[in-house]
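**Q** The residues making up each chain are set out below.
2 protein chains.
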Amino acid sequence: MRNCKISGYGYYLPKNIVTFGNQIRYRASGKENQLFMATNAAKKAMKNARLKPENIDLIIAASAVGIQPIPCTASLIHEQIMNDYNIPAMDINTTCTSFITALDIASYLIAAGTYKNILIVSSELASPGLPKDKKEIYELFSDGAAAIVLSHTNDTKRGVIASKQCTWSESAHATEIVGGLTGLNATKMNNKNRDKYYFKMEGLDILRACTRKLPKMFDDFKKETNLSLDDVDLVIPHQASKALPLIMKKLGVPEEKYVNRVDNFGNQVSVSVPFMLCKMLEEGKIHTSDKVMLCGTAAGLTSNILLMEI
Amino acid sequence: MRNCKISGYGYYLPKNIVTFGNQIRYRASGKENQLFMATNAAKKAMKNARLKPENIDLIIAASAVGIQPIPCTASLIHEQIMNDYNIPAMDINTTCTSFITALDIASYLIAAGTYKNILIVSSELASPGLPKDKKEIYELFSDGAAAIVLSHTNDTKRGVIASKQCTWSESAHATEIVGGLTGLNATKMNNKNRDKYYFKMEGLDILRACTRKLPKMFDDFKKETNLSLDDVDLVIPHQASKALPLIMKKLGVPEEKYVNRVDNFGNQVSVSVPFMLCKMLEEGKIHTSDKVMLCGTAAGLTSNILLMEI
Chain A
1 MRNCKISGYG
11 YYLPKNIVTF
21 GNQIRYRASG
31 KENQLFMATN
41 AAKKAMKNAR
51 LKPENIDLII
61 AASAVGIQPI
71 PCTASLIHEQ
81 IMNDYNIPAM
91 DINTTCTSFI
101 TALDIASYLI
111 AAGTYKNILI
121 VSSELASPGL
131 PKDKKEIYEL
141 FSDGAAAIVL
151 SHTNDTKRGV
161 IASKQCTWSE
171 SAHATEIVGG
181 LTGLNATKMN
191 NKNRDKYYFK
201 MEGLDILRAC
211 TRKLPKMFDD
221 FKKETNLSLD
231 DVDLVIPHQA
241 SKALPLIMKK
251 LGVPEEKYVN
261 RVDNFGNQVS
271 VSVPFMLCKM
281 LEEGKIHTSD
291 KVMLCGTAAG
301 LTSNILLMEI
Chain B
1001 MRNCKISGYG
1011 YYLPKNIVTF
1021 GNQIRYRASG
1031 KENQLFMATN
1041 AAKKAMKNAR
1051 LKPENIDLII
1061 AASAVGIQPI
1071 PCTASLIHEQ
1081 IMNDYNIPAM
1091 DINTTCTSFI
1101 TALDIASYLI
1111 AAGTYKNILI
1121 VSSELASPGL
1131 PKDKKEIYEL
1141 FSDGAAAIVL
1151 SHTNDTKRGV
1161 IASKQCTWSE
1171 SAHATEIVGG
1181 LTGLNATKMN
1191 NKNRDKYYFK
1201 MEGLDILRAC
1211 TRKLPKMFDD
1221 FKKETNLSLD
1231 DVDLVIPHQA
1241 SKALPLIMKK
1251 LGVPEEKYVN
1261 RVDNFGNQVS
1271 VSVPFMLCKM
1281 LEEGKIHTSD
1291 KVMLCGTAAG
1301 LTSNILLMEI
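From first to last, the protein sequence lines are chains A and B.
For the first sequence, position 248 matches number 248 in our numbering, and the numbering has no gaps at all.
Add 1000 to the 1-based position in the second sequence for our numbering, that's all there is to it.
Heads up, a few of these hints could be off.
[Stated by the list, open to error] Result set (SDA-like, lysine to any residue): computed pairs, CA atoms no more than 25 Å apart in a straight line: (1) B:Lys1132 with B:Asn1264; (2) A:Lys47 with B:Glu1170; (3) B:Lys1116 with A:Thr114; (4) A:Lys192 with A:Tyr138; (5) B:Lys1196 with A:Lys47.
If you are wondering where the hints come from, they were derived from the structure by calculation, not from laboratory data.
If you're wondering where the values come from, they're calculated on a predicted model, not measured in any experiment.
Next comes chain A alone, as it looks inside the complex (with noise of 0.2 Å):
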């Protein structure tokens, strides 16, 4: 057990709402770029907290896809919202998961007494990225930033209790952006190759590794933890696609323990298990001595599964 407490959470949901049939799905515009919508959530969950920026000592930002190539992320949500502390920034990413490995990484500073409030922010600014020509990655994805605080507790009940993560790479090109970096440069974008600069997502075939490699990883975590899914009160799983209702029975969790909110807001890349995490404690469907498990699948292919003690 690593104690800590999610002392403050905020979220920001872009203006733009777009529906495809019954799916509703939120797409930035106008100045809601990454950033803005980073800073937007940052400061509602400071505000939450009850913490000023100068009461925060570390801040992590965990997104699939940056802001600029150089500097990190962290950096350029500092300058908008702690540019008078000498704060420490950093960005932690494991694509889609990001959030749960950063919530996992600031357990452990804190659980040490590094440090007593870690503000840690998802951003995702998915749209422009999307290709228009395929419909089941064009309609799935929404922008939008989630944050949290989580703060040192003296209370030795509450905090992360265990957490697993699990990366094949044999299904690394499943999910991609190829171009932008030095795999390929920005700069070599031309008409001819400019497809390989967008969001590209083989979801079958990510499906099929899911149902191949989750359960067991689910069932490793259960042995390791010594734990069963009566200790689990709400599963929080990221929000991939319409088949999470298959993974989550694959897996054996009843309906009534996981949160899918799909058709609301589709997939938020990093955002959503923050997002839902957010939403959850703000409609009051999570208490204090709740047992919360945040799990997910991410590029890479990278799972996730962190279990805490709220």
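Chain A is already provided as a structure; the job is to place chain B on it using the hints.
**A** Chain B only, in chain A's frame:
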């Protein structure tokens, strides 16, 4: 003290050497892309540690710039060297000091008993992003990769003694690559804005910020840890520029106590610190029980200090 030890190290230098007067620089060519160099250094580090891929239980990629926007760089390295195993992969980024931050985080994970052997890889292909018309930038940087395996130890004297990071985002735009990710999409690149996709560095602004900020940070670190420079056997600073002696003088580090190979290798971005660490180990300049200080400044503006007993 977070107990851990460096059980292996390895590096890769590009075959192609260019000189600017007495300044030697390494420039990747042919198949020497970021992934190739990373893979090469990682394999050498594992071999040097006498460990096989299956003995590694976490891989951290710690580079300033990634290979692809999605997935994270660690997954792509994973695919090359350990794709038979479900070893977790993540990226940690504080630009030029990414390796120091990753080593710091890894020391928590090892000290907590979560992992036994963590492979940390830094790799940079800076040269294609350098502006040819800016001599002071174009002639400063080198490409390359370096890796270490950080391992569990029962020796209670070895490990990370103390670390400190500060970020001063008032200088967030003194070093940057603006275009390629969501702030300015790669697909928006044209002949008019092409320069925004190249590396930009306001060398004098950074030097001024460093001389203003670093002495206090350095003093704070010494006070907080009750350490003096007499306790340190070797300082390995980021090889930022030829102004390194000026900064070291400001910090009171005598010439014989720090590594300066800027003339021979230039600034390798995040690779400078781990490469010099590898070099010093290889040259027998670091011995067991030596106290080594890794430090440096990075875009952000971020500065890291980490003191380790080898």
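**Q** Now tell me, hint by hint, if it's right for this structure.
**A** Hint check:
no., hint, result
1, B:Lys1132 with B:Asn1264, "holds (20 Å)"
2, A:Lys47 with B:Glu1170, "holds (23 Å)"
3, B:Lys1116 with A:Thr114, "holds (22 Å)"
4, A:Lys192 with A:Tyr138, "holds (21 Å)"
5, B:Lys1196 with A:Lys47, "violated (35 Å)"
Going through the hint list in order, the structure does not satisfy hint 5, though it satisfies all others.
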